[in-house]
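Line by line, the protein sequences give chains A and B. Under this note's numbering, think of the first position of the first sequence as 232, with each following residue one higher. Under this note's numbering, think of the first position of the second sequence as 2, with each following residue one higher.
Since the hints were made in silico from the structure, they are not lab data. Ideal Cβ placement from N, Cα and C applies to all residues, glycine included. Some hints could be false.
A few chain A residues that face chain B, going by a derived Cβ cut-off under 7 Å, partial list only [claimed, not checked]: (1) Leu237; (2) Thr277; (3) Asn279; (4) Asn281; (5) Arg293; (6) Pro300; (7) Lys302.
The following residues of chain A were derived to be distant from chain B, with all beta-carbon distances above 12 Å [claimed, not checked]: (8) Val271; (9) Lys327; (10) Asp340.
Residues per chain are reported as follows:
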Amino acid sequence: MFELDLRSRKPVYEQLAEKIIELIVCNVLKPDQQLPSVRVLSGELTINPNTIQKAYRELEHRGYIYSLPGKGSFVRPREAGDNSARINNLKAQLSKVLSEMVYLGVPRDELISTIENLLSRAEGGNIDD
Amino acid sequence: MIEVERVNKQFGRLKALHDVSLAVHKGSIYGLVGCNGAGKTTLLKLLAGIYKPDRGLVMIDAQPVFENEAIKEQTVFIPDSLYFFHNYSIQDMANFYASIYAKWSQERFQQLSQVFNIELNRRVKTLSRGMQRQVAFWLGLSLMPEVMILDEPLDGLDPVMRQNVKRLIIQDVAEREMTVIISSHNLRELEDICDHIGILHQGQMVTQKDLDDLKADIHKIQIAFSGEIPRALLEESGALHHEQRGSVAILIVRGVYDQIINRMQAYQPAILDVLPLTLEEIFIYEMGDNGYEISNILY
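Build out the structure end to end from the sequences listed, making use of the hints.
So, in structure tokens, the structure goes:
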């Protein structure tokens, strides 16, 4: 279910956390769905169980999952909270993409219409093909 | 689980270890790195109870290890150079271990025969180096140890077997909370499986930390300007190492990610990238800090 790039410079627990967030955001992992146990996942990925625990702790801290003692970890249904740090990070990424597009000479109108299109798709919930 | 306190060991006039301390939690995988002759094997042999410390404490489960049968019964040490009895087959070795270790699991031994897949009646000494290492893991894991001490454990194993052995070790850590201490020069491999890292240099512990903290503490910065690189930047950054290629500079800096970003942003760079270091890079720069550098000698 999770493919990690062990060659990447990014710490493994961060990669794993990001992968899981991606799956939650895309609704592949549904609210209240159980995540694989640390033991199972560490066997499958050949990764230190402590690293997986760390990723789960991080996700819990950031409010993406919750854990029930003795039962495991589950996806937390989304609710409004303080995401400012993450949002700032995403804004920085967006600005990188935008400046490259401006450099390549994409006109302002086209940029805006592209963003509007993407927005209406994202708000629509699923991507229409 | 494993505690070493200010241990000293001397062989004749050679000081192999000087005031080394370390702690490994239960269920943790600890990676020991260091250049050749740093004292890694000496430390591991002290942990296995083969050497007696000159000074200091070596404890597993809060008990001194040396001459302690109860501790040794739950510890497996796979040394750098393996030892098997002459003319013994794998089955003979298994019988021998079963007779002296109370926790020997015949069931596990049989399960593992599917992984290792070497005929039981082969004489161990006639096997290749890599196969002998497989036998060592096969026997070692069948002892259901609480602690595994591994000296360069994956040397000589083929890529498939390396992955198999790593998986077996990790399974035991996940399921039985086995504690593992590994020394290796293959830092890529340690990076995948260890959660703590200790760096030994000339018989002393240079750093030991949670692997992720170690990485969070040191960064590689790529910074570029549309004009000249400001002088003040290079002077103020306190970089461990810096390289300049045209208007692009690469700095290795210690510190917290956010603070570094803020400090660098002040110079208004055209490009600013901060990357985590690989364990290999951390090792090289830490060693450089301690006067052990990659020499630029050309013959």
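Contradicted hints - numbers only: Numbers 5, 6, 7, 8, 9 - these are the hints that the structure violates, sorted from lowest upward.
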